[in-house]
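Undergrad: Given the sequences, and given the hints that come with them, work out the whole structure.
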Amino acid sequence: MTGTGRLASALVSPTLLVLAVVVMYPIIAALYQSLFVSGQRLDAQGFVVEGRQFVGLGTYADILFGPAAERFWNAFWNTTFFTAVTVTLEAVLGMAMALVMHQAFRGRGLVRASVLVPWAIPTAVSALLWRWIFAPDGVANAILDQQVLWSSQAIASKIAVITAEVWKTAPFVGLLVLAGLQVISREVHEAATVDGAGAWRRFWHITLPLVKPALVVAVLFRMLDALRMFDLPFILIGQQKDSVETLSMLAFSEATNVHYGPAAAYATLLFAYVALIAFVFVKLLGADVIGEARSQAPKSRGARFRRGKGSAR
Amino acid sequence: MKSLRWRSVSLMTVAAFVVAGCGGGGGDSSASSEISGRGPITFATGKDVTGAVTQAVETWNGSHPEQRVRLIELPADGDQQRQQMVQNAQTESGAFTVLDLDNVWNAEFAANRWVVELPKEEFDFSPFLESAMKTARYRGRLFSVPAYSDGGLLYYRKDLLNKVDAQPPTTREEMREICAKVLELPAAEGMSCYAGQHAKYEGLTVNFAEAVHGAGGQIVNGQGQPTVDSPEALRGLETMVEGFSSGTIPRAAIAYKEQPNKRAFIGGELVFSRNWPFMWSQANADDGSSKVAGEFAVAPLPGITGKGVSSLGGHNLAISSFAENKATALDFIKFYTSKKQQRQRLIKGSLAPTRGALYDDPELQREYPYLDTLKKSIKSAEPRPRVVNYGDVTLAVQDEVYAAISGDKKPDKALSALQRRLEKLIEQK
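Chains as they are written, first to last, in our numbering: chain A, 5 to 317; chain B, 42 to 470.
Be careful, since some hints might not be right.
With a straight-line Cα cutoff of 27 Å, these simulated DSS-like cross-link-like pairs (lysine-lysine) come out [to be verified]: (1) B:LYS348 <-> A:LYS245; (2) B:LYS348 <-> B:LYS465; (3) A:LYS245 <-> B:LYS175; (4) B:LYS450 <-> B:LYS298; (5) B:LYS222 <-> B:LYS88; (6) A:LYS162 <-> B:LYS454.
Simulated restraints on C-beta separations [to be verified]: (7) B:GLY265 <-> A:LEU148: 40 to 50 Å; (8) A:LEU120 <-> B:GLY80: 16 to 26 Å; (9) B:LYS454 <-> A:ILE281: 29 to 39 Å; (10) B:GLN96 <-> A:ILE281: 52 to 62 Å; (11) B:ARG180 <-> A:PHE58: 48 to 58 Å; (12) A:LEU68 <-> B:ASN325: 13 to 23 Å; (13) A:GLY70 <-> B:LYS389: 49 to 59 Å; (14) A:GLN44 <-> B:LYS175: 19 to 29 Å; (15) A:VAL284 <-> B:GLN125: 55 to 65 Å; (16) A:GLN44 <-> B:GLY80: 30 to 40 Å.
Everything labelled a hint here was simulated from the structure, so no lab data went into it.
All C-beta atoms, glycine included, are put in the ideal place defined by N, C-alpha and C.
TA: Have a look at this one:
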């Protein structure tokens, strides 16, 4: 290794060390912890046998195929369902919001600021807010003029969670997309208009492909966030409700019941799932999360534009 | 020591990763049951909303300047209190000396050696209510001292029952018959018959246990074996389910905890309500917040086939295995559970005593007319299952019972599923 190389690695090593401590260690610790169980046996006097027993992948087997499977797969499908539905709705609504905010009109600044309000409220607080709305004698039932028990009916509670989640996070997508919209040069649109393209064609063939990098990043962030969804269903609907229990809630529930091994196993499975989704998403859609494109020559921008156009056809 | 370091490091980094790194394994406790050492101690208890606990601690501190007690208020939510106490025990921290345990946690804390065995000969337990004492022992050994008790009461609308010439019911069937007459009255328009606590939380376990015990069944028998697939337990659960399907219990009550139930009753929406004694003073408030002030009374809970059986609420004091100055802690427990202190807390905070004589005190009875009924309720009350992993057991109960009352499972299917789950949970032990 040359002197420069050695110097470079010496300079980078504190960063790597910090990363190892704050990123790698908890992941490995959780993985390690998930291989053990504790407090599962009693001795003759009725005291818990101390120390923890190594069970290897036994906890995972229980979760995936054994006695805990039903609850795990239910939480898994809930998580997936919420992610798919909320992120789709958020992308569509966020896009619409961005298009509206992009127009020049009086009070645009006010609209942009007020759209951020749901996103600025802490999730726990907005969950409480929605819980009052969805209470048996709350606003939602008053408007619908029926008595829907939002917290105890399976489909109703799913709808409640989706509504609150989309309300809370569509503005986030909206703002990211708005940022993407603002870098599209006006001339492109004007040229297309001169060529006789209607509003719909211009949206489909110019706006959408050009805003795609921003949209894809927003959707990716939202997906990762939605997969970890915890506080909203927890506060809005409650614990141990099969219809809305997500993987994070399951891990939390096990941890509060002092089953640290299974809790770590659930968290590890969730981590693997999130990592897998992120990987597939980045590979398939080419989300530019780490700013790769910016470090490349300007011509890649044109390439991206063409590719975007191709896929839109 | 290694596992201790493990834990503290993972607790620091846990924020990055939901719950993954948190806590540790069993750890090797060297809990000695020897009770010695005097000096300052701490008292970990739930949030003191009435000021009665603070008052007791101040009284103690006034006469024990060398052995001061510092009050540590934990969150009001029971699950969070337990969680903090468990974490404290798992890190073998001496931060909490005296623990204010919900009486269903006694077995878990004792079996894990998180609390020390107490010397029976140091106490005179004869004035204590036996049902409360049952919750203080684990396998015949004493681990805590009952400080508060609590029992369910049937609140009923005296004014409406008088109009139809009815006595308070002793069975659910009678209750339904009375309701049928009462709800015909013009004064009862828009009212429902009855509600307890049926949301999916600990209160559901409490109400289910009452239904099963009131039908002559048991959730877990004397030998610690689960017995919920019995005809009696089925009868109890069917009564709950039938309450919802027939409309005796309003639909919204499936989301009721103590507070919504109270709001419904004091808002004049219910003829009967099962709730704890705390509701009495609030329902009797004459500041206009209650529509039923002076119009209601309490009776023992009705049973299904025979007499009603309340689930026993209450809190016990125990000494953490990892704390210093255990001898002071023992003295403080004696002081705190003394007759004088229990009387003080009943007056200041309406906290139900564990000493029977206080319920018969004429002066207190004038102030709290429900005391006599409450004593009956507590004396015949049954503790919820006394099992080491109570947390898992109550979750299983809530899952299956909730599925039955929300109509997702037939009662017999729910109970046989519950039986299997409980067998599995208890067999592991």
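Undergrad: If a hint holds in the structure, say so; if it does not, say that too.
TA: Hints and how they fare:
Note on LYS348 (chain B) and LYS245 (chain A): the hinted pairing is violated, with a Cα-Cα distance of about 33 Å set against a maximum of 27 Å. This hinted pair does not check out: LYS348 (chain B) and LYS465 (chain B) have alpha carbons roughly 32 Å apart, beyond 27 Å. Annotation: proposed proximity of LYS245 (chain A) to LYS175 (chain B) is violated, straight-line Cα distance about 32 Å (limit 27 Å). Between LYS450 (chain B) and LYS298 (chain B) the CA atoms are separated by roughly 22 Å; this keeps the pair inside 27 Å, and the hint holds.
A threshold of 27 Å between alpha carbons decides the hint, and for LYS222 (chain B) with LYS88 (chain B) the separation of about 43 Å lies outside it, so the pair is violated. The suggested pairing of LYS162 (chain A) with LYS454 (chain B) holds, with an alpha-carbon distance near 25 Å, which does not exceed 27 Å. At roughly 48 Å, the beta carbons of GLY265 (chain B) and LEU148 (chain A) sit within the given window of 40 to 50 Å. The hint said 16 to 26 Å for the Cβ distance between LEU120 (chain A) and GLY80 (chain B), and at roughly 55 Å that hint is violated.
As the Cβ distance of LYS454 (chain B) to ILE281 (chain A) is approximately 36 Å, the hint placing it in 29 to 39 Å holds. In this structure the supplied range 52 to 62 Å holds for GLN96 (chain B) paired with ILE281 (chain A), their Cβ-Cβ distance being about 56 Å. A beta carbon spacing of about 28 Å between ARG180 (chain B) and PHE58 (chain A) contradicts the range 48 to 58 Å that was offered as a hint. The beta-carbon spacing between LEU68 (chain A) and ASN325 (chain B), approximately 55 Å, falls outside the hinted interval of 13 to 23 Å.
Range check, GLY70 (chain A) to LYS389 (chain B): Cβ separation about 51 Å, and the 49 to 59 Å hint holds. For GLN44 (chain A) and LYS175 (chain B), the hinted distance range of 19 to 29 Å is satisfied, since their beta carbons lie about 26 Å from each other. Distance hint for VAL284 (chain A) and GLN125 (chain B): a CB-CB separation of about 40 Å, inconsistent with the stated range 55 to 65 Å. For the pair GLN44 (chain A) and GLY80 (chain B), the supplied restraint of 30 to 40 Å holds, since their beta-carbon distance comes to about 37 Å.
Hints 1, 2, 3, 5, 8, 11, 12 and 15, counting from the list given before, are not met by this structure.
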